[in-house]
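Starting from two chains that each stand alone, build the complex the way the hints lay out.
The lines below spell out each chain.
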Amino acid sequence: MRYIAGVDVGNNTTEIAIGEVSGKGKVRFLSSAMVRTVGIKGTLRNVIGIIDALDLALQPLAIQRKDLSVVLLNEATPVIGDIAMETITETIITESAMIGHNPSTPGGQGLGLGQTIGLPELAAVAADAQPWVVIIPGTAEFADAAEQLKRALSRGLKIAGAIVQKDDGVLINNRLPQPIPIVDEVKFIDRVPVGMPAALEVAQPGRTIEKLSNPFDIATLFHLDPEETRKVVPIARALMGTRSAVVIKTPKGDIEERRIPAGKIILLGHRQKVEVPVDEGADAIMAKVADVYPMEEVQAEPGTNVGGMFEHVRQVMADLTDQPVSTIRVQDILAVDTFKPQQILGSLAGEYALGNAVGLAAMVHTQKLPMQRLARKLEEEIGIQTMVGGVEADMAIRGALTTPGTDAPLAIVDVGGGSTDASVINTSCEIKSTHQAGAGDMVTMLINTELGLEDFDLAENIKKYPLAKVESLFHMRHEDGSVQFFQQALDPRLFGRVVVLTDSGPLPLETRQLLSKIVDVRRQAKRKVFVKNALRALERVAPANNIRLISFVAMVGGSGLDFEIPSMISDALQEYGVVTGRANVRGTEGPRNAVATGLVLAYAEEFGG
Amino acid sequence: MQISEELVRQIILDVLKQEQGEGKPAKRQDEQVPPLSFKELGPAKTGTDRNEVVIGVPPAFGTHMTKTIIDIPHREVLKELFAGIEEEGVKARLVRVNRTADVGAVAHDAAVLSGSGIGIGILCRGTTVIHQRDLEILQNLELFPQSPLVDKDALRAIGRNAAKYAKGEHPSPVPTRNDPMARPKYQGLAALLHNKETQYVKPGAPSTELSVQL
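If you read the sequences in order, they're chains A and B.
1 is the number of the first residue of the first sequence in our numbering; add one for each residue after it.
1 is the number of the first residue of the second sequence in our numbering; add one for each residue after it.
No lab work stands behind these hints, which were simulated from the structure alone.
Hints may be right or wrong, so weigh each one.
[Claimed, not checked] So these bits of chain B aren't anywhere near chain A, every CB distance computed over 10 Å: (1) D14; (2) H64; (3) Q146.
[As the list claims (entries may be wrong)] Under the rule of at most 27 Å between Cα atoms (straight-line distance), these lysine-lysine pairs were calculated in the DSSO-like manner: (4) B/K196 x B/K152; (5) B/K152 x A/K187; (6) A/K517 x B/K45; (7) A/K469 x B/K152; (8) A/K150 x B/K152; (9) B/K39 x B/K185; (10) A/K377 x A/K464; (11) A/K469 x B/K45; (12) A/K340 x A/K464; (13) B/K202 x B/K45; (14) A/K432 x A/K469; (15) B/K91 x A/K150; (16) B/K167 x A/K187.
[Stated by the list, open to error] Quick partial rundown of chain A residues pointing at chain B, CB under 10 Å, derived from the structure: (17) E280; (18) F485; (19) A489; (20) P492; (21) T511.
Glycine included, C-beta positions come from ideal geometry on N, C-alpha and C.
The shape of chain B in the complex, shown without the other chains (with noise of 0.2 Å):
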């Protein structure tokens, strides 16, 4: 292939073009999301009813942060959830897990609530697991470990998934994307995201039941 100048410029340009249309997301980050309004319960209890999946958030979730790494409001990732759960005829319930800000601490937690053993665990950023109670903490049913990849799709999908393992169906795992360039982008932000979150922990502390208007 020959490289003239012309077509130098034309890479260049584009490359250009790419790097502005990146920049707009980045400036999109700056957009204030108003926290959720939660109404606490009280202490957590052990759900008896066969028919739920419990959402577990960590302390700083909704309130201190309020969207996850690729924008989504937490408002968005709570209706999806919820919305993937009831699409299946199952409940859903929220509870904040105060004493850790780990994801499979958190899931692990929510599914020991959960009436049908079934939780989901969520971060700040977007990570999510969904755990069964009868596993060990850094085991899980459905891990989605890369946060820039959990969209509004895949969270409806990991709510509908983890309704379905209430109900004894079985699911196909919902598809893991995996993106090589994840890492290096986020990664950064991934680390002071957590730093954030894990301020807020109380250790020891026990989990609470939530409320939530969205």
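Bound conformation, chain A alone (with noise of 0.2 Å):
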């Protein structure tokens, strides 16, 4: 009789199992254990998770850790996923030829036209037919500025709307007689051209404007020719979905969309070679790298955005495993289109506009070396045999085969924080696995950049828990809109926000965004990439490619447990007509402890006696 430890290193957690095996195919498991990782996967650092999670496991037990037999490793195909952003598109304005933003609170509405003027000045000009949009600057208070706006209108001025500096919209409409559309919290204001035919249009609550985000309304009040109106296509484009908007036509102003250079993608297959340039979107990229198969290498222009990431995730596999940058390859990528707000160059208001980017994750198969290293630095510190055992991916599916009501043939999903992984294994227990580059760490990444929030940590939390927004000291409502109620009072700093609900308690979230918005970006990310990804993983190990030919699939890693990714994962594989559920190794385990609990049953099959 032996004990045998299983130990499965992932980027995020370390896992154990412990079994005795009393002959061949013999096993019962006494215990495992789960602590964080301890430094990047695979390198030395990982040891002293290894022996916390060990003795942890060891603790309930009345064993040594000198008793146990044998250490097995997982193999750990070493996959190491990064990730990148590149902006294709930037915003500038060339000439201040428009505002567009969301003040939180514009004044009046509707849409004005006139040809703009200074407060100062208005008590200067003759009255007659010519309407004014006024623009007042942020010395001017607001009952003093609506003292002169009525002053000029009794006047017989006529008044078509306001630019106002500060956050007055509301206060000067209240004090005149009739309302007109004021555009408040214009910051550069003193950029604001005087004299120059303005359009200005203000959308009720609730809604966007019309009028200005369509080019063909702003050619009809500026009266356009065709040329011209081709030109303001991206000034309607940029003040769409935006709750007020002043167009201001001057002669040479101009708003223009560049494209910035991100560089090419390189593909080589067996006998072909594809490039592909990253600014035309994740679409394009999957498409070429899906037809490009078996993939060899990926490779990235030089020089260029894309060719730096990439030249990035080499220099920190060959760190890890001390091998030359040269020898390491990139051999999988996952393109997502993604948003990423970008203040707009030269702008009044300080706006800012979605820039398209590309998210990319690359992956690098590697040697085996890193295991070895960290198997022979185990053994040293613990003095018990230390072996790296089987392919991960055979002794995930093996793991999740104890799941009680499970057979072959059977596929499992593997999505971890660097790749998701899937492995299929039919009647003649034949296993065909394989690696994509792209999960938990990136969408974390898309979170981050979408909701501008330069906060990583509050990213994965937004990933990892439900959100709620607190709506008096004492209830909340969640986002799926149930309320809960609270003896207790809640922190008095949680009320009104939005909150993250993590396992420690609530966390507040300073952001002006909207609690649906946020989920939005929420569930898109893990669609765009989990969803993505598991598909394209049971496509590479299906039965003839075609995932309708399998007819289980078992959810294993961290992931598995998330709130929403397996329901999401589920929904997407129901139209191939496939039943999914999340792995319960062993019955007790849940999805956790696969790759553990399969190397010690790997172990007991070849034990000899």
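This is the structure we're talking about:
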């Protein structure tokens, strides 16, 4: 009889299963444990985490570390995903031609067309048919400004609208005899040109502007010819979705959307070589990636943004494995379309536009080396024979098969932090497996960028936990609309805020974004990465590359515990008539511990007695 | 660095110039600000309108005392708070809290009277709290403890944020500043203002509804 420990070092967690092997194929599992992985997967620092986990697992048992016969490490086809974001469009206003933003409270509503004029100059002009758009600087007090507008109106001047520097739109409008559209919070009001025709639109609450976001309406307002109309298209596009906007026609005023050369990706297959520019977007890239199969290597055009990113991935891998950079090859990528809020260059109100961007996850296969180094180190530290066990995906499927109610043929999907893996076992126990770039870390990156958080930990929390809005000190509304009441008052810092319901309590978010928007971004990011990758991975391993020929899929790994990923993947696979579920390893562990369990099982099968 | 007589002379001149510069606002303190024209509308009632924020002021506010520690006339104080609330489309109601001059208690009394449950309490010297009726008196939604740093922009933002809480939005807290020199520079003055203010407190007296001509 021997005590065996199976150890699975993952990107985020280190898992252990301890079993008692009493004969060929005879195993009794005694305990399991899980700790956070210390250091990057595959580095010597992992040893600290492994020893911790071993002690944790041995604690409830009456055996010592020295009683263990063998420690088995996962082979961990070392896969490292790195992620990068390339912006491919940028909006530049070459002259002050527009303002479009979402001040929380613009004044009045409707559409106004007139010539721009400063507030002080208003008193000097004579009443005629000319309508004016008044520019009110921050130095003017709202009551004074309203008074001056009122005087001008009583003299018979036509006032079509106003552009205000401070947050005074409603205040001024409330003091006028008739409402006019007012766009406020225009930061750089001194850059608004005077004496130019301007159109100004404020939508009613809960709506967005209609006229100024349509190039033909702008053309109608300013009597533009077809050539000029073509030029205002980016303006209209930039104004789409805002609640208030101003378009000013300056003689040279122009806005352009510049496409930044992001570089090319070169896909090298067995016999073919395909180049695809990054700025063609994720769909184009992924279509080419699917064409080129089996993939030998992915390269990037040197000297470009994407080239720099690839260089970084290879450098990290080279450092990790002590191999020269030249031997490291990127073998899979996942590209995802995303948006990045970017300040518009030359804007007047500090507006942001959502620039298009492509997020890339790259994956590198390396040699077995790092795990063997790790095994040697562990053996030195604890004085117990340590071996590198079988291929990770094979082990995972063995572990997953301990789920009650499963049998070969079975497919598993393992969504981790860096990569998405899938394997299939058929009735004759042949296993086929694949690794795909892109998983949890990429989702975090997408959430971080699309919401403009610049806080990776916060993005991670948003990914992992559901949201709620604290509506009073005694109740919160969850993102699904249900209400939860509390006996004890909540922390006043949470009052009125959108919170992330983490394990250690609610965490307030300081953002103007609506809860629904954050939920939307989170779900989209998960769909774009997890669902897409799960399908991609299953397609690779499915018989005849047809997912329909798989009947059962079990989800393993940490993401199987996520509150929405399993149902998303399950929904997507339903279309293929596939039954999907979360594995329950050994009937007790849930989706966790599959690899560690598999390692012990594999050892027992080969055990000679 | 070499210290020459020239340099010392220059530094002394600079310091003197600065001192004179700082002396100016001190002079302005003598300027009298006339009291505000309040109209008392009887005992304050609890509001039923969900769309209101109540501003609570202590007894001396705008009557015996008429400006904050940095000489913002109380008229301006109320104007900025009202403007901030109006800009968000919320109504403001003014209440005099007679029983106390403690900023937390004034703000909490205002919040209890408010139909939305959101109140602002502001002392004569400018210390401000945004309160909610379900909180304990010594808690707060937002606290602006250093009265010398409560300027007109801050007051506008306080009004705006209170209104946003009343609407059930989630505003970012008004950035609170911290000036380590505020304490040594103003502590004596603040203590005097506090003493003066508390003289007018009528313990146990009910709060009164006010209207004001600004």
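Now the hints, each set against the structure:
no.: 1; hint: D14; in the structure: 30 Å, holds
no.: 2; hint: H64; in the structure: 27 Å, holds
no.: 3; hint: Q146; in the structure: 19 Å, holds
no.: 4; hint: B/K196 x B/K152; in the structure: 23 Å, holds
no.: 5; hint: B/K152 x A/K187; in the structure: 18 Å, holds
no.: 6; hint: A/K517 x B/K45; in the structure: 39 Å, violated
no.: 7; hint: A/K469 x B/K152; in the structure: 31 Å, violated
no.: 8; hint: A/K150 x B/K152; in the structure: 25 Å, holds
no.: 9; hint: B/K39 x B/K185; in the structure: 36 Å, violated
no.: 10; hint: A/K377 x A/K464; in the structure: 34 Å, violated
no.: 11; hint: A/K469 x B/K45; in the structure: 30 Å, violated
no.: 12; hint: A/K340 x A/K464; in the structure: 21 Å, holds
no.: 13; hint: B/K202 x B/K45; in the structure: 19 Å, holds
no.: 14; hint: A/K432 x A/K469; in the structure: 46 Å, violated
no.: 15; hint: B/K91 x A/K150; in the structure: 23 Å, holds
no.: 16; hint: B/K167 x A/K187; in the structure: 26 Å, holds
no.: 17; hint: E280; in the structure: 38 Å, violated
no.: 18; hint: F485; in the structure: 12 Å, violated
no.: 19; hint: A489; in the structure: 6 Å, holds
no.: 20; hint: P492; in the structure: 5 Å, holds
no.: 21; hint: T511; in the structure: 8 Å, holds
Taken one by one, the earlier hints fail for this structure at numbers 6, 7, 9, 10, 11, 14, 17, 18, listed in ascending order.
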